[in-house]
Each structure stands twice: as C-alpha cells, then as structure tokens.
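**Student:** So the sequence lines, in the order shown, correspond to chains Z and U. The numbering used here numbers the first residue of the first sequence as 2 and each following residue consecutively. The numbering used here numbers the first residue of the second sequence as 2 and each following residue consecutively.
There may be inaccurate statements among the hints.
When chains are identical, the list treats them as one kind, so a pair holds in a single copy or across two.
Said to hold, decoys possible - Only pairs whose alpha carbons sit at most 30 angstroms apart, straight line, appear in this in silico DSS-like list of lysine-lysine:
#, residue 1, residue 2
1, Lys-146, Lys-207
2, Lys-268, Lys-146
3, Lys-87, Lys-312
4, Lys-146, Lys-301
5, Lys-146, Lys-87
6, Lys-283, Lys-146
Simulated from the structure, these hints should not be mistaken for lab results.
2 protein chains.
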Amino acid sequence: MAGLNRQILLKSRPEGAASLDNFELTETPTPEPGEGEVLMRILYLSLDPYMRGRMSAAKSYANPADIGQPMVGGTVGEIVKSRNPKYSVGDIVLGYGGWQEYALSNGAGLRKLDPTAAPVSTALGVLGMPGMTAYVGLLEIGQPKPGETVVVAAASGAVGSVVGQIAKIKGCHAVGIAGDTEKCRFVTGELGFDACVDHRAPDFAKLLEAACPEGIDVYFENVGGAVQQTAWPLLNEFARIPVCGLIAQYNATTPMPGPDMFSVLRKRLLVRGFIVSDFASKQADFLRDVGEWVRTGRLKYREDIVDGLEKAPTSFIGMLQGKNFGKTLVRIAST
Amino acid sequence: MAGLNRQILLKSRPEGAASLDNFELTETPTPEPGEGEVLMRILYLSLDPYMRGRMSAAKSYANPADIGQPMVGGTVGEIVKSRNPKYSVGDIVLGYGGWQEYALSNGAGLRKLDPTAAPVSTALGVLGMPGMTAYVGLLEIGQPKPGETVVVAAASGAVGSVVGQIAKIKGCHAVGIAGDTEKCRFVTGELGFDACVDHRAPDFAKLLEAACPEGIDVYFENVGGAVQQTAWPLLNEFARIPVCGLIAQYNATTPMPGPDMFSVLRKRLLVRGFIVSDFASKQADFLRDVGEWVRTGRLKYREDIVDGLEKAPTSFIGMLQGKNFGKTLVRIAST
Chain Z
2 MAGLNRQILL KSRPEGAASL DNFELTETPT PEPGEGEVLM RILYLSLDPY MRGRMSAAKS
62 YANPADIGQP MVGGTVGEIV KSRNPKYSVG DIVLGYGGWQ EYALSNGAGL RKLDPTAAPV
122 STALGVLGMP GMTAYVGLLE IGQPKPGETV VVAAASGAVG SVVGQIAKIK GCHAVGIAGD
182 TEKCRFVTGE LGFDACVDHR APDFAKLLEA ACPEGIDVYF ENVGGAVQQT AWPLLNEFAR
242 IPVCGLIAQY NATTPMPGPD MFSVLRKRLL VRGFIVSDFA SKQADFLRDV GEWVRTGRLK
302 YREDIVDGLE KAPTSFIGML QGKNFGKTLV RIAST
Chain U
2 MAGLNRQILL KSRPEGAASL DNFELTETPT PEPGEGEVLM RILYLSLDPY MRGRMSAAKS
62 YANPADIGQP MVGGTVGEIV KSRNPKYSVG DIVLGYGGWQ EYALSNGAGL RKLDPTAAPV
122 STALGVLGMP GMTAYVGLLE IGQPKPGETV VVAAASGAVG SVVGQIAKIK GCHAVGIAGD
182 TEKCRFVTGE LGFDACVDHR APDFAKLLEA ACPEGIDVYF ENVGGAVQQT AWPLLNEFAR
242 IPVCGLIAQY NATTPMPGPD MFSVLRKRLL VRGFIVSDFA SKQADFLRDV GEWVRTGRLK
302 YREDIVDGLE KAPTSFIGML QGKNFGKTLV RIAST
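Isolated chain Z, as found in the complex (with noise of 0.2 angstroms):
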C-alpha cells in the first residue's frame, strides 16, 4: 500500500460560475492511520450541488473548504487498513473521505454498509443524503395530503427524483420541472411522475400551468431563480415551500431579491430553509421506508457515473449545468 494517494485539491474560489481552474489534481503519499485511524480506498465520490457552497468563502451552515485542501465530498470505501478496533479491512463504508483516492478517519462519521443488501453506491444517492434530502424535506415541511399537487425542479436528480416518487406513493398529483425532453419523458415513463415541464421551453409557464391544473399546494425548492418566479403565482393558499436548494443561484455574484411577501401574507405561505442534517431523527424512519419501497420496486433510481478521479471536476461543473442524468458519482476504484 505504499504509493501515491492522488487528491483534487480546491485550488482558489469561483468568482461566478465554478471553473476547472478552481481545481487542481495533485499527488502526495498515501498517509499511514495512526492509532484508532482507519485508511479507506475510495470506491465512489459523491458529487452534490451543496459543494458549490463550500467552495466560497461566505458564511453558511457549514464551514468553507479550505483553498490548498481537497475538496470535501461524501464517499463510500474500503478499509484497506485500521488500527480501530470497530472497523476491519475489507468493510465497506459510508463516510466523507474528499475528492481523493484514499482517506484517513478516526472513525467518527463511518457507517457500515452491507453489500448485499443495496449496491453500495445508493449510501450516496436514494439511501443516502440526497434521498433523505428528498424524503424529510417533503414529509417533515411540505406534508403533503392525498390528492394535493406536489412539485419539484431537476426532477430526474438525485433529490427531485425521490421528491416526485414519496408524493405519487402518498397519492399526491406529482408535476417534475427537467431540463430537456429525454429527462421528462424518464420522469413521467419510468419515475411516474403524473407530468414533466421542461423548463428550456419557450411557453414553460403556460405548459406549468396546464400540468397543475388544481395549483400547486407543495413546491419543494431545489433550483430557485426563473423555476421560482414562474412556480410562484400557481401557489395555492396554505402551500408550502421546503426550500432545499437553489442551484441556479449559485454562481450569482449579486444576491437575487425574493419572492414578494405579499404573496406569503395573502395565501398564508410557509417557506422553510432546511438541511438533511437539522432532521438527523428521521434516520431510521428513512432507511426503512426508502430502503422498502427501493427493494419492492416503488421507488427508481438513475445514477449517472464517470469512471477516474480526474473527471470529478469536469463533472461537477456539469451537473451544475444541469447536464447530468440522475444522482452524479465518481467511479474511482472497484472492489
């Protein structure tokens, strides 16, 4: 095991939109775990709109990544050696290893996954943050009732994927917003979603309109910008907003003015900022039930994978774009 441990470090911050410049590939040693440690072979890297936050220097709810450090990144992995006593080689884990082919841990932060109970991949994806994202945000805020019109944006992701699929398995009229028509007729043919909005079109809001004929009693916020102002004045009195993300945002350098709160006054809006963390309760909740409707086939999932550490920062900035096709990963070794 001795080598090079090759790492894609964050190497300045974007000004706008993330550029491959902000990243650099380097080598260093791999590292040897000290006592309690633990080395990982990294198998997956999570690639999550989240980190687009951390590349800045401003002040959110977790700390900026550090220019010079590899990038930060939920990863699943192997242990190839530990001195701690509750992980052995061989074990597979969830954990938050970086942009980077091995990681050390002390252990905190690693759970144990069992390979044959869901490809590992999934921790990332619909068993893991994204889809526990998708499942509190929408259950815990947007309590969506019977017959109510749930609607989500980047419908075919990682996030809104699992958002539209718990609305039509809790009886809910489920409308996804997509990028193009491939992704819409996946949303509607294989996700079940009851439509899909592509979001290029030229008559997108009439076409929104027409897909939510009832109003629009959930809007989960995963995109902002133009999604948002069109989304908005279909709100029904009493809906609710679980704001999750809002992607086409991020590269703003000016902040962009809200919705106007005359509409929250008028129709009684709630809208409430959330991270998957602030819900860390509902763990078990989620494995359970996500983790059965995975098994018995109600709920899909699509992952879209490049193969090599050094494609990370190409795809990354891709799936800002919107130009990925279900959750995004980063192959970087097999078992």
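Start from chain Z and add chain U according to the hints.
**Tutor:** Just chain U now, with coordinates in the frame of chain Z:
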C-alpha cells in the same frame, strides 16, 4: 328609532396611499330588522391595518369592500331592536357592523360581551382580533423559548404591544420598534419590553443590533419594508418569522422584492403568513390566557379613541402613517 343612519362609504379605491377622497359620509334611513335579525347601535368601531387591503380590488384572503357600500369593520354595539330569539334589547355584542351608526345582523358571527368582565372596547383590541393575532402568531408560529429574542415593530400598537408582553411572560428578551421616543418610552416603561428602538433614528440599524446582542430568534412581521430589511440580517439560525402584516408596503403601487432566499436556506428560517382566523380553534385558549393576564395586570393595553363616526377616515389614514398611539378606535355612541 326612526331617523337616520350615518355611514361612511368606500367611494373609490386608492392609487398608492389611501386619502380622504376615497371615503364619503352619507345618511340613509335606519333600517328595520327582518325576521331573525337584530339592529345594533354601534358604540365602538375598530380601525385596523387590514382594512387598507379591503379598499383595493386585488384578490386577497377576503373579498374587497364594495364601492358605494359602507366600509367594513369590527364593531361593538348594543342591540336596540331584536327579532332574533338569541339576542335581547340591551345586549352588548361584538360583530362586524362596519363604518356606520346602525347595522343589521342575522346573528351569525355575533358574540355577546359581559360589560362587567372587561371594558367592552377591549373586545376589539387586546381581547379581540388584534390580541388574538399576536397570541397565535407568536405562540403557534413563533414558538418562542425562554431566553430567546423576540422583535416586533409597531410595538405600541394593538398587535405589537401584545406580542412583546407575551414574549416577556414567556421568558424572552423582547425588543420593540416604534415611531418616536414617546412611544418607545411607553413600550419599555409601561409595557415592560427590554428595549425599544425608534425606526426614524438615523442610526436605527446600529440601535437595533445593539438591542439584540444575541441576534433575533422571532421576528414578528407586521410592517415589512425598511424595518424588515434592517431586521433580516440579525436573524439567527432557525429563526421564525410569523408574517402578520406589511403595513409599510400597503400603499406600494409595485411589488417590493422579498428577502434573499439564500438567507432562508443558510439559516434555515421559517417564514409563514397567517391571519387570525387560520387559528380559530385557539380562541378559547386565547380568551383564557390573555383574559387572565389582563385581569391580573400582567398585560397592559392602551387605546387611541376618537369620538364621532365622521372622524374615522382621518383616524384610519393617520394609523396607516403610524400616528396612532395604541389600539385605534372610533367611539360612535355611548351606552
């Protein structure tokens, strides 16, 4: 009881600020109650900010007032004729009689008052709609915890004064915002808020920040506009913002942009619009709790009373400009 009924009609809808031209004083014969109806002689008319919304044609949570009809409004009146077995001549009732000296009612929505329990005018203020608005907005949406900071504008007014005093009763740090130093003195000296800041002070933002050394956990929104923009950056993570009114924006002819949604996401804010009737099931709790607090002197109130129906338009416009000092009432007759 023959004779004339003076009324103030909505003559025209305002463009921008409401003006005296929008109202018209008229006289019509006092009506006779039909079968099942009562005739009320109105003692007190309540003037409230929501009425500005009713003057506009825009769709809201209630229908607009009709041009050429008496302006709508809550009233305390005395039954002077009754053809409804539930009400006797001499009963004092809370109702929705509007801007006039006499009003008919079929009894729906009337509530008998006990003049020995509290001054009957309080049924339009601290023990009525404004008091209950404060009670449900703060407790049901704001969810204040001991030691947290609660901020409310229009702090000497009918709603704000109750918000801050309940916040104190619940063990919070209560900070008011008001429009002059005399009001601020009343808010801290009489009502017992911990601090009160004059929003007309040139260094308002600094003063508010100094009054909230631990940030803001509940911002009870009843004004919007510049006060909202000043309070917003002081919000703590997981702050709650009950949206009850936007009086500073009611005269705006173009929508004002709302707060940046990034703050909602990053700080995981909860923003929720409401009107008091959304929480009708809490009325018994409200009357029990606030009734006791008023009786025992823990919760104080102040009324700003003008005499004579003809004064209602001037008083109403003044209230929208913050010229009132306490709950705004028009005394139309005495028992």
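**Student:** Take the hints in turn and mark each one as holding or not.
**Tutor:** Hint by hint, here is what the structure shows:
1. For the identical chains of this complex, Lys-146 and Lys-207 are intra-copy neighbours only, at 25 angstroms inside a copy versus 45 angstroms across copies, given an alpha-carbon limit of 30 angstroms.
2. For the identical chains of this complex, Lys-268 and Lys-146 are neighbours both inside a copy (18 angstroms) and across copies (27 angstroms), given an alpha-carbon limit of 30 angstroms.
3. Neither within a single protomer nor between protomers do Lys-87 and Lys-312 lie at most 30 angstroms apart by alpha-carbon distance, with minima of 33 angstroms and 79 angstroms respectively.
4. Taking the shortest Cα distances, Lys-146 and Lys-301 sit within 30 angstroms of each other inside one copy (22 angstroms), while across copies they are farther apart (42 angstroms).
5. In this assembly of identical chains, the alpha carbons of Lys-146 and Lys-87 never lie at most 30 angstroms apart, being 43 angstroms within a copy and 40 angstroms across copies at closest.
6. Taking the shortest alpha-carbon separations for Lys-283 and Lys-146, both the intra-copy value of 19 angstroms and the inter-copy value of 23 angstroms come in at or below 30 angstroms.
The structure shown violates the earlier hints numbered 3 and 5.
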